[in-house]
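Chemist: Following the hints, put chain B in place on chain A, whose structure we already have.
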Amino acid sequence: MPAVTQSRGHYYVPQPSPYPIMLSGAIFLIAMGAVLEVNALKAGPWSLLLGGLLFVYVLFHWFGKVVGESEGGRYHTWEDRSFRMGMVWFILSEVAFFGGLFGVLFYERNISVVSLASLSRTFTPYPGFTAAWPSAGPLGKPFSAVAPWGIPALNTLILLSSGITVTWAHWGLKTGRRGAAIAGLAFTVALGLVFLGFQAHEFYEAYTKLGLTLASGVYGATFFLLTGFHGLHVTIGVIMLSVILARCIKGHFKPDQHFAFEAVSWYWHFVDVVWLLLFVFVYWL
Amino acid sequence: MNAAHAHEAHHDELPRGITRWLFTTNHKDIGRLYIGFSVIMFLVGGILAMLIRTELLRPTLLFPPEIYNQIITVHGLVMVFAAVMPATTGLANYLIPMMIGAPDMALPRLNNWGFWLLPPAAVLLVMPFFLMLFGIGNGAIDTGWTMYAPLSVQGGIGVDFAIFAIYLMGASSLLSSINVIVTIFNMRAPGMTMMKLPIFVWSWLITAFLLIAVFPPLVAGVTMLFADRHFGTHFFNAAGGGDPVLWEHLFWFFGHPEVYILLLPTAGILPHILSTFARKPIYGYKAQVYSFWAIGALSVVVWAHHMFTSGMPVPAQLYFMYATMAISIPVAVLFYCWFATIWQGSMTFETPMLFALGYIVLFGVGGLTGLVLSDAVADQQYHNSYFLVAHFHYALFGGPVMGIIAATYFYLPKITGRMYSETLGKWHFWQTLVGFNLTFIPQFFLGIAGMPRRIPDYALQFAHLNMLSSIGAYILGSAQLLLVYNLIQVMRGVGKKATTQVWEGAQGLEFTLSSPPPYHSFDTQPVIQ
Numbered sequence: 004m005p006a007v008t009q010s011r012g013h014y015y016v017p018q019p020s021p022y023p024i025m026l027s028g029a030i031f032l033i034a035m036g037a038v039l040e041v042n043a044l045k046a047g048p049w050s051l052l053l054g055g056l057l058f059v060y061v062l063f064h065w066f067g068k069v070v071g072e073s074e075g076g077r078y079h080t081w082e083d084r085s086f087r088m089g090m091v092w093f094i095l096s097e098v099a100f101f102g103g104l105f106g107v108l109f110y111e112r113n114i115s116v117v118s119l120a121s122l123s124r125t126f127t128p129y130p131g132f133t134a135a136w137p138s139a140g141p142l143g144k145p146f147s148a149v150a151p152w153g154i155p156a157l158n159t160l161i162l163l164s165s166g167i168t169v170t171w172a173h174w175g176l177k178t179g180r181r182g183a184a185i186a187g188l189a190f191t192v193a194l195g196l197v198f199l200g201f202q203a204h205e206f207y208e209a210y211t212k213l214g215l216t217l218a219s220g221v222y223g224a225t226f227f228l229l230t231g232f233h234g235l236h237v238t239i240g241v242i243m244l245s246v247i248l249a250r251c252i253k254g255h256f257k258p259d260q261h262f263a264f265e266a267v268s269w270y271w272h273f274v275d276v277v278w279l280l281l282f283v284f285v286y287w288l
Numbered sequence: 016m017n018a019a020h021a022h023e024a025h026h027d028e029l030p031r032g033i034t035r036w037l038f039t040t041n042h043k044d045i046g047r048l049y050i051g052f053s054v055i056m057f058l059v060g061g062i063l064a065m066l067i068r069t070e071l072l073r074p075t076l077l078f079p080p081e082i083y084n085q086i087i088t089v090h091g092l093v094m095v096f097a098a099v100m101p102a103t104t105g106l107a108n109y110l111i112p113m114m115i116g117a118p119d120m121a122l123p124r125l126n127n128w129g130f131w132l133l134p135p136a137a138v139l140l141v142m143p144f145f146l147m148l149f150g151i152g153n154g155a156i157d158t159g160w161t162m163y164a165p166l167s168v169q170g171g172i173g174v175d176f177a178i179f180a181i182y183l184m185g186a187s188s189l190l191s192s193i194n195v196i197v198t199i200f201n202m203r204a205p206g207m208t209m210m211k212l213p214i215f216v217w218s219w220l221i222t223a224f225l226l227i228a229v230f231p232p233l234v235a236g237v238t239m240l241f242a243d244r245h246f247g248t249h250f251f252n253a254a255g256g257g258d259p260v261l262w263e264h265l266f267w268f269f270g271h272p273e274v275y276i277l278l279l280p281t282a283g284i285l286p287h288i289l290s291t292f293a294r295k296p297i298y299g300y301k302a303q304v305y306s307f308w309a310i311g312a313l314s315v316v317v318w319a320h321h322m323f324t325s326g327m328p329v330p331a332q333l334y335f336m337y338a339t340m341a342i343s344i345p346v347a348v349l350f351y352c353w354f355a356t357i358w359q360g361s362m363t364f365e366t367p368m369l370f371a372l373g374y375i376v377l378f379g380v381g382g383l384t385g386l387v388l389s390d391a392v393a394d395q396q397y398h399n400s401y402f403l404v405a406h407f408h409y410a411l412f413g414g415p416v417m418g419i420i421a422a423t424y425f426y427l428p429k430i431t432g433r434m435y436s437e438t439l440g441k442w443h444f445w446q447t448l449v450g451f452n453l454t455f456i457p458q459f460f461l462g463i464a465g466m467p468r469r470i471p472d473y474a475l476q477f478a479h480l481n482m483l484s485s486i487g488a489y490i491l492g493s494a495q496l497l498l499v500y501n502l503i504q505v506m507r508g509v510g511k512k513a514t515t516q517v518w519e520g521a522q523g524l525e526f527t528l529s530s531p532p533p534y535h536s537f538d539t540q541p542v543i544q
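Those protein sequence lines, which keep their order, are chains A and B.
Following this note's numbering, the numbering of the first sequence begins with 4 at its first residue and continues without gaps.
Following this note's numbering, the numbering of the second sequence begins with 16 at its first residue and continues without gaps.
Bound-form chain A, shown alone (with noise of 0.2 Å):
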């Protein structure tokens, strides 16, 4: 076949593996022990144990094989177009997502609140009831909404430059400038913690002092459902980026072959995309 480049050649399918049943297992456990749990059963927290400690040995052991594969060269051009192919689509399916949860929002904001102000007077159950945003509903205990030009505003800023100094690392890393690469992964790290730091106190200030909690009406179950997924991908995030700088650290890829630091970074860029949109549909306008 004269037309085949090399690395078409020859495609790496890996062995079989035992990792992805067992992480099946992890999860069925975790999803029954959740059941359990939330309706009080006694089996739950061990189930849910039992599959948190199994979820976090496979993805362990997973993770290392794939990187153990990378670095032991198995990977060339054409596997490496899969595996981008397959975070640009992963990504994509956060984007639907995030997606449904604004389109939630939004819903709720210039629908199910309005119409349910503007019942006629002689039928609706809550007649007093007003439009506004943000709104407890009708039966809902007042609160306050969090000012965003404090810490959220702040959050913002932290968050960007976040974007700012991943970038940078790229940059070393492609490069050969590995001190640049780890000192610039080390900053988003940390300004990744200072950033779910804020978000913690944020969270307490909100339940202890302006009664802004998941119970007070559509705009808080709302607030946090938003700003809590968008704080576990940040979670996770800082967790894929602490994993990247330990992997630069022990002088892993290539200025031009690092996927895993790519698509990380690809997953923080979305996650700083969301949270401009939430900073400006849910704290600011």
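Relax, there's no trap hidden among the hints.
If you only want the chain A side, here are some residues facing chain B, beta carbon under 10 Å, derived:
#1 His13
#2 Val38
#3 Thr225
#4 Phe232
Here are the simulated distance ranges between beta carbons:
#5 Arg77/A x Val542/B: 19 to 29 Å
#6 Ile344/B x Ala156/A: 45 to 55 Å
#7 Leu148/B x Ala156/A: 49 to 59 Å
#8 Phe78/B x Lys144/A: 39 to 49 Å
Since the hints were derived computationally from the structure, they do not count as laboratory data.
In this text the structure is predicted, and so the values were computed from the model without any measurement.
A virtual CB, placed ideally from N, CA and C, is assigned to each residue, including glycine.
Modeler: Quick look at chain B alone, frame taken from chain A:
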């Protein structure tokens, strides 16, 4: 012989024992796992269907109504998520790499994980039935497969199990979709341009796009449902400013495209079967590909036609009505191409062809009755009546299930290397056709006469049609045992050896490989002219 080839030679030894299936990274093994799982769950869902029709055989209560609700709900969820979706995913896994000349799926370990998330999900769905026997909880989810709030907010432990089953099935669907997309974009053989892709591959590409676009919002939705149930939120509760109709939007934004997720892969396999047995090339390849795109795009903007009676402003009702009716245009293009493909062909009627033709007729009825329901005014009458039940069974059994059975007979000799019993296959088809129509034609009349769905008992004037429908269901259900018997016989190695091409008119890369194909299809990629 370089190192890579030495590695390959080692790879070619067929793995043995149970770990071959548990740990496999081979697309054909994973495809077979999906199909086997689907057959088992098809029988589970079928048994539940038999229970439903037994309850409705005569106007009296056999089960407590709560149990009946659980049976219809689990029947729906099992059939959609655990029977039809795994079947089409299994076909994708088995066929796509062979059809495009790829060494395997692009991400083989994730592919394995995608399958092995499904059996735990099925267990989560069905387990509450058994927990109830031990005095834990009040049984499986009983809200109907649509899980409308506030009923689903108030329901028992079964709803929680179903929510987590949906998480697992969602993860599985995303993994297989990402795998399919990356495989199609990155693993095609040299010369296999996008517009030379076999049409089944195209249909799965659009299906995968749809899954990635619509499953995550459902995951968001069930998370909100879970929070409403346990964490005191008010997403679906007007007292806190929420709205139960919001759930309907979230569900149907997923639920309507889901219909096309079930349908498109079988609409893609159909032209292969029709052209093989008409001994003519596929008519209108481009038109069909563009129709898939149009169907995919339209399917995500029509969801609220399921909600005409939920309360919507008139302009919204009109929009969703016309947008829904617009889908009939690309679907009509597909029908036109199917007819043109077999037109004046030298047809023979082996079992796959019979099921393919049955697909066209039955799915045609499903599509036309869908046009009736899409009329926002008429829907006020038909909504949640047995007319709807009959419609979507024509659409989902008449389309996807008939297509899957057709594809199963079509590729069975290729997969196993053995010909199935044609006589039993033909019996299977005719018994299915008679049983299916006898089950569901009476339901159209029941619906028009006003019988509501999801109610275990009914007024006496509905008795005769219901009895007919139940008799039809028993014929339909027992017919599927012929398929199972045929499958088991073939797997045991009974039957004539299949040739490489299997069918006289068969085209495509998969029919250039031996039957059964080697464990690793292409050592070196073929070059497509």
